[in-house]
Amino acid sequence: MRHFLLLATFAALVAIAFGVIGRETTRASVTYGLKIFAEFIAIGLALAWILYWIPL
Amino acid sequence: MSSEVARSKPVSTAWLIGAIAWAVPGMGHIWLGRSTRGLIIGGTVILMFLWGLWLGGHLYGFHNTPEIGMLAYVYGFCNLGLGLIYAVCLFANVGLADQASLPTAEYGNIFLIVAGLLNYLSMLDAYDIAAGRKA
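Chains as they are written, first to last, in numbering that gives the first Met the number 0: chain A, 0 to 55; chain B, 0 to 134.
Hints in this document: simulated from the structure, not taken from any laboratory.
Worth double-checking, as some hints may not be accurate.
Quick list of the computed label-pair ranges, beta carbon to beta carbon [unchecked claim]:
no. : chain 1 : residue 1 : chain 2 : residue 2 : range
1   : B       : Leu70     : A       : Leu46     : 15 to 25 Å
2   : B       : Leu83     : A       : Ala11     : 21 to 31 Å
3   : B       : Phe90     : A       : Trp52     : 44 to 54 Å
4   : A       : Phe3      : B       : Leu95     : 21 to 31 Å
Partial chain A-side listing against chain B, Cβ under 10 Å, derived [said to hold, decoys possible]:
no. : residue
5   : His2
6   : Gly18
7   : Glu23
Beyond 10 Å from chain A on every Cβ pair, some chain B residues (computed) [what the hints assert, rightly or not]:
no. : residue
8   : Ser11
9   : Thr12
10  : Leu15
11  : Leu70
12  : Phe90
13  : Phe110
14  : Ser121
Idealized CB from N, CA, C, for every residue including glycine.
The shape of chain A in the complex, shown without the other chains (with noise of 0.2 Å):
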């Protein structure tokens, strides 16, 4: 649980700061950055999925 919440806590930070520089509007910034925090949780999940499953 701790490592998704620094998963949640990274995905947030960068989601915030990519936000408020790729787009001009307080709206546009807002879903942009939801968007991005949305990819990294999506994508960490699939990926801890899919090394649950590879011996290393």
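Given chain A, put chain B in place with the hints provided.
Coordinates of chain B only, in the frame set by chain A:
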């Protein structure tokens, strides 16, 4: 002459603003009168840096380390993006010790690396705005 070109600042000023944005996270945007944007970016970078230290991460210098070899130069360059924060940490000997025994140390390293990279991105954004390339 387009309004975009007319709004742009001289190249030397744009470079200066880029340097300020690198040195102090968010300050480039504040200098350009975009205080909200500057405060959000600066706050995010500083929060990420502090979180990284709290997790047990450490800053890399420009020298080889036994664990990762030449890759330390790349990490050092990423950390250098923190600007004056990086310099202060070097002089004050803060956040330089490797705390690999902590379970979250690797997370901390990533937070510190990405904080520097985000500040580089902020620096380029401030430069682009100052040079008139971006509204």
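Status of the hints after comparison with the structure:
{"no.": "1", "hint": "B:Leu70 - A:Leu46: 15 to 25 Å", "verdict": "holds (21 Å)"}
{"no.": "2", "hint": "B:Leu83 - A:Ala11: 21 to 31 Å", "verdict": "holds (25 Å)"}
{"no.": "3", "hint": "B:Phe90 - A:Trp52: 44 to 54 Å", "verdict": "holds (47 Å)"}
{"no.": "4", "hint": "A:Phe3 - B:Leu95: 21 to 31 Å", "verdict": "holds (29 Å)"}
{"no.": "5", "hint": "His2", "verdict": "holds (8 Å)"}
{"no.": "6", "hint": "Gly18", "verdict": "holds (9 Å)"}
{"no.": "7", "hint": "Glu23", "verdict": "holds (6 Å)"}
{"no.": "8", "hint": "Ser11", "verdict": "holds (23 Å)"}
{"no.": "9", "hint": "Thr12", "verdict": "holds (20 Å)"}
{"no.": "10", "hint": "Leu15", "verdict": "holds (20 Å)"}
{"no.": "11", "hint": "Leu70", "verdict": "holds (20 Å)"}
{"no.": "12", "hint": "Phe90", "verdict": "holds (26 Å)"}
{"no.": "13", "hint": "Phe110", "verdict": "violated (7 Å)"}
{"no.": "14", "hint": "Ser121", "verdict": "violated (6 Å)"}
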